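The listed protein sequences derive, respectively, from chains W and E.
Its first residue numbered 1, the first sequence is counted upward by one per residue in our numbering.
Its first residue numbered 1, the second sequence is counted upward by one per residue in our numbering.
Among the hints, erroneous ones may be present.
Unchecked claim - Mimicking DMTMM-like on lysine to aspartate or glutamate, the simulated pairs with C-alpha atoms at most 25 angstroms apart in a straight line are: (1) E:Lys71 <-> E:Asp57; (2) W:Lys3 <-> W:Asp41; (3) E:Lys12 <-> W:Asp82; (4) W:Lys11 <-> W:Glu29; (5) W:Lys3 <-> E:Asp29; (6) E:Lys12 <-> W:Asp94; (7) E:Lys3 <-> W:Asp154; (8) W:Lys11 <-> E:Asp29; (9) E:Lys12 <-> W:Glu76; (10) E:Lys3 <-> W:Asp94; (11) E:Lys12 <-> W:Asp154; (12) W:Lys11 <-> W:Glu66.
In short, the hints are calculated from the structure, not lab data.
In this text the structure is predicted, and so the values were computed from the model without any measurement.
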Amino acid sequence: MTKVTMIVNGKSVSAETEGRTLLVQYLREGLGLTGTHVGCDTSQCGACVVHVNGEAVKSCTMFAAEAEGAEVTTIEGMANPDGSLSVIQQAFQDHHGLQCGFCTPGMVMSAAALLKDNPRPTEAEVRAYLEGNICRCTGYHNIVKAIMAASGQDVAIAAE
Amino acid sequence: MPKDHGIGASSKRREDIRFLTGTGNYTDDINLRGQAHVVFVRSQVAHGRLNKVDTRDAEKMPGVIRVFTAKDFEGVGGIPCGWQITDRAGKPMLEPKHPVLAEG
Ligand code: FES
Ligand code: FES
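All chains, full assembly: derive it from the sequences and hints.
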């Protein structure tokens, strides 16, 4: 067991951690931040995406110890400071970009990482970027619409 | 024109807020003190015959509360098939056994 310390959603946290503990376990089981989901445990579904030092990372693919000293942002840290939904979260609600909500934290985190690097992506770029995020409910169109809208672009995309 | 109020207008889902902020509280998110966990042991071969299940070692493992096998479900019956259909000649579908846990 080693002590692993990092900054999660702006707060410094530390926990005794086994070497094999995954970042997602550290967040969910250690810190009780269960907004980050485990859909597959094998780096395929993207339900566990968080930001590590500003980059989107599948937290089931990284050991907690590798995030020592890092700045981590999870879905719990995405709302505005006053608690209202951020632009991306609001766009998901407005465009029905979620149904059961299981994939949603990962979708929002991926969308945020995309828009940070590419504030006005094309629809094709949004679809390509979401390659690593699986949604079993929505059929993706409304997720793409939500991200286009969050980037301030026309949401009238082809297929309904 | 999409309507924005009254009958026919789409309404905002109230559950979205918790799903979008990471407070959905799905079954996997619930972790109560003293909560038990279950592990299903599956066949390690793709096709075979189950001769016997020896649970003695498993029962001795620290923290194991109870090991269940098909014996515990004697008389419970199988998992029923939801839709029994017939073929064109009206013959009923052949339904394999669906025991709760594998029987030898
Ligand atoms: S749980 Fe990490 S990618 Fe599916
Ligand atoms: S909203 Fe259900 S999996 Fe995406």
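These are the hints, each one checked on the structure:
Between Lys71 of chain E and Asp57 of chain E, the direct Cα distance comes to roughly 17 angstroms. Compliance with the 25 angstroms bound is thereby established for this hinted pair. Distance restraint check for Lys3 of chain W and Asp41 of chain W: the Cα-Cα separation of roughly 24 angstroms lies within the 25 angstroms cut-off, and the hinted pair is therefore satisfied. At roughly 21 angstroms between alpha-carbon atoms, Lys12 of chain E and Asp82 of chain W fall within 25 angstroms of each other, so this suggested pair holds. At most 25 angstroms may separate the alpha-carbon atoms for a hinted pair to count; Lys11 of chain W and Glu29 of chain W meet this at roughly 17 angstroms.
A C-alpha spacing of about 24 angstroms is found between Lys3 of chain W and Asp29 of chain E, which places the hinted pair at or below 25 angstroms, so the restraint holds. Proximity of Lys12 of chain E to Asp94 of chain W is assessed by CA-CA distance (about 7 angstroms); at most 25 angstroms being required, the pair is judged to hold. Restraint check for Lys3 of chain E and Asp154 of chain W: satisfied, since their Cα atoms lie roughly 20 angstroms apart, inside the 25 angstroms limit. About 21 angstroms separates the Cα atoms of Lys11 of chain W and Asp29 of chain E, which keeps this hinted pair within 25 angstroms; it holds.
For the suggested pair Lys12 of chain E and Glu76 of chain W, the alpha carbons sit about 21 angstroms apart, so the restraint of at most 25 angstroms is met. Proposed proximity of Lys3 of chain E and Asp94 of chain W is supported: the alpha carbons are some 14 angstroms apart, at most 25 angstroms. For the given pair, Lys12 of chain E sits about 21 angstroms from Asp154 of chain W by alpha-carbon distance, which is consistent with the 25 angstroms threshold. Restraint check: the Cα-Cα separation between Lys11 of chain W and Glu66 of chain W comes to about 18 angstroms, which is no more than 25 angstroms; the hinted pair holds.
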